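Participant: So you can see what is in the structure, the chains are spelled out below.
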Amino acid sequence: EDKVVQSPLSLVVHEGDTVTLNCSYEVTNFRSLLWYKQEKKAPTFLFMLTSSGIEKKSGRLSSILDKKELFSILNITATQTGDSAIYLCAVVVGTASKLTFGTGTRLQVTL
Amino acid sequence: NAGVTQTPKFRVLKTGQSMTLLCAQDMNHEYMYWYRQDPGMGLRLIHYSVGEGTTAKGEVPDGYNVSRLKKQNFLLGLESAAPSQTSVYFCASSSGGLLEQFFGPGTRLTVL
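Protein chains in written order, with the working numbering: chain F, 4 to 114; chain B, 151 to 262.
Source of the hints: derived by calculation from the structure; they are not laboratory data. Treat the hints with care, since some could be wrong.
In silico DSS-like pairs for lysine-lysine, Cα to Cα no more than 30 angstroms straight-line [said to hold, decoys possible]:
| hint | chain 1 | residue 1 | chain 2 | residue 2 |
| --- | --- | --- | --- | --- |
| 1 | F | K40 | B | K221 |
| 2 | B | K207 | F | K6 |
| 3 | F | K59 | F | K70 |
| 4 | F | K43 | F | K6 |
Listing some non-contacts, in silico: residues in chain B with all C-beta distances to chain F over 10 angstroms [claimed, not checked]:
| hint | residue |
| --- | --- |
| 5 | T157 |
| 6 | L163 |
| 7 | G208 |
| 8 | P211 |
| 9 | K221 |
| 10 | Q222 |
| 11 | L262 |
What follows is a set of in silico ranges between Cβ atoms, one per label pair, in the way DEER data are often shown [unchecked claim]:
| hint | chain 1 | residue 1 | chain 2 | residue 2 | range |
| --- | --- | --- | --- | --- | --- |
| 12 | B | T170 | F | L114 | 43 to 49 angstroms |
| 13 | B | V162 | F | D69 | 31 to 37 angstroms |
| 14 | B | G246 | F | S65 | 24 to 30 angstroms |
| 15 | B | G190 | F | N32 | 22 to 28 angstroms |
| 16 | F | S65 | B | P233 | 20 to 26 angstroms |
| 17 | B | T165 | F | L12 | 47 to 53 angstroms |
| 18 | F | R63 | B | N223 | 23 to 29 angstroms |
| 19 | F | T80 | B | G246 | 20 to 26 angstroms |
No experiment lies behind these values; they were computed from the predicted model shown. Ideal Cβ placement from N, Cα and C applies to all residues, glycine included.
Looking at chain B on its own, in the form it has when it is part of the complex (with noise of 0.2 angstroms):
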């Protein structure tokens, strides 16, 4: 069982670059989301998905695209990275309902 797992663990991006985050589970958790976190922030929701096929804008979504086209997989994009998404990227799934959320290690993206 490995739980939540992302790839890649690190990465760096120049200005306008794109790149695909992806976030994996193993557990049939119905639930994922993708988090940012940032010095002094805390963990800040990016967007969430509910199930397979579905996904919602969380607290800060501008910037981010996602897709979540098998149950276990959930894909964050980057358009045209900019500095400001500099960033500890946490992926975490769960059962939903008042279960808790398991994350994944994080990726750690660096846009110069």
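In isolation and in its complexed conformation, chain F is listed as follows (with noise of 0.2 angstroms):
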């Protein structure tokens, strides 16, 4: 059975700071790994890693992959209240291209 497990589930920081977000996982026919923000409503999309070892970069998020030890890490520096959502990872397997979530990463930032 395809498994993703996402730490810590929850996490409280203060504006500023710097967090680190993880995702493992343990699926047959992997494909990719997707990264989603979710506020209140739909997930929406931040970064998609194929390939070991290449950061992605999107203004002050970055994620890279390791595909020898199956996990990647989200990272967001300078945090801001803004930032406060659930962090989704997912895993593409299989030719349908399916997905296959973790629970999730719930981040609060406070000022």
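If you follow the hints, you should be able to join the two separate chains into one complex; please do so.
Facilitator: As structure tokens, then:
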């Protein structure tokens, strides 16, 4: 059975802190790993990672994949209250590009 | 470009009632998916479709049926609703391959 595990489950930080969110996976027929941000409604896409060791970066967010150790991290530097959300990690498996999601990390950024 | 839309946004059903959730996308995507999201469980795949006229079961298909008669629409049906189907339902679509899935705004369903 495919499995994606995220840690921590929840996190409270002060504005300006740096956070690291973790995602490990055990799946068959791995194709890629995706990070999504979910605020009140639909998940919105952040990154797609397919190759080990290549960092993807967008502003204060960055992510990297380790296909040998089967994990990914999502870093957020200089956090802001607008970063408060659930961050979802998902792995694309199989030819139908199905997503297997982790349970998410709930991040709360306080003033 | 509306992206992925879902109707209705909210619904309350009594046990045993039936209903259909509609998902529509205007991005000409081949692949469409239905997920449910429950507290502490993440998103779980119910059914999916890799093209018009095709459907397949996901991780939690029991109690649901789907149809993809038109490329742009993917319908999720509950024939006899149960309280265990109380959840938030998300539809998503993609071009397939390694491309990301785009999500609709969700439908919050409560079964009493």
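Participant: With a cut-off of 30 angstroms on the C-alpha distance, tell me whether K59/F and K70/F pass.
Facilitator: 15 angstroms, holds
Participant: Hey, K40/F versus K221/B, does the alpha-carbon distance stay inside 30 angstroms?
Facilitator: Roughly 27 angstroms separates the two Cα atoms, so the pair holds.
Participant: Should the label of P211/B as a non-interface residue stand, given a Cβ cut-off of 10 angstroms to chain F?
Facilitator: Correct as stated: the minimum Cβ-Cβ distance to chain F is 12 angstroms, above 10 angstroms.
Participant: For the pair G246/B and S65/F, does the Cβ-Cβ distance stay inside 24 to 30 angstroms?
Facilitator: 27 angstroms, holds
Participant: Between the alpha carbons of K207/B and K6/F, is the straight-line distance 30 angstroms or under?
Facilitator: 18 angstroms, holds
Participant: Does the beta carbon distance between S65/F and P233/B stay inside 20 to 26 angstroms, or does it fall outside?
Facilitator: 42 angstroms Cβ-Cβ, so the 20 to 26 angstroms window is violated.
Participant: Starting from the range 22 to 28 angstroms, see whether the pair G190/B and N32/F falls in it by beta-carbon distance.
Facilitator: Taking Cβ atoms as reference, G190/B and N32/F lie about 27 angstroms apart, which means the hint holds.
Participant: For L163/B, is the shortest CB-to-CB distance to chain F above 10 angstroms, so the non-interface label stands?
Facilitator: 21 angstroms, holds
Participant: Between the beta carbons of T165/B and L12/F, is the distance compatible with 47 to 53 angstroms?
Facilitator: 32 angstroms, violated
Participant: Are all C-beta atoms of chain F more than 10 angstroms from that of G208/B?
Facilitator: Given that some Cβ of chain F is not farther than 10 angstroms from that of G208/B, nearest at about 7 angstroms, it is violated.
Participant: Taking the shortest Cβ-to-Cβ distance between L262/B and chain F, state whether it exceeds 10 angstroms.
Facilitator: 24 angstroms, holds
Participant: Decide if the proposed pair is consistent with the structure: K43/F and K6/F, CA atoms, cutoff 30 angstroms inclusive.
Facilitator: 25 angstroms, holds
Of the numbered hints stated above, those contradicted by the structure are hints 7, 13, 16, 17, 18 and 19, listed in ascending order.
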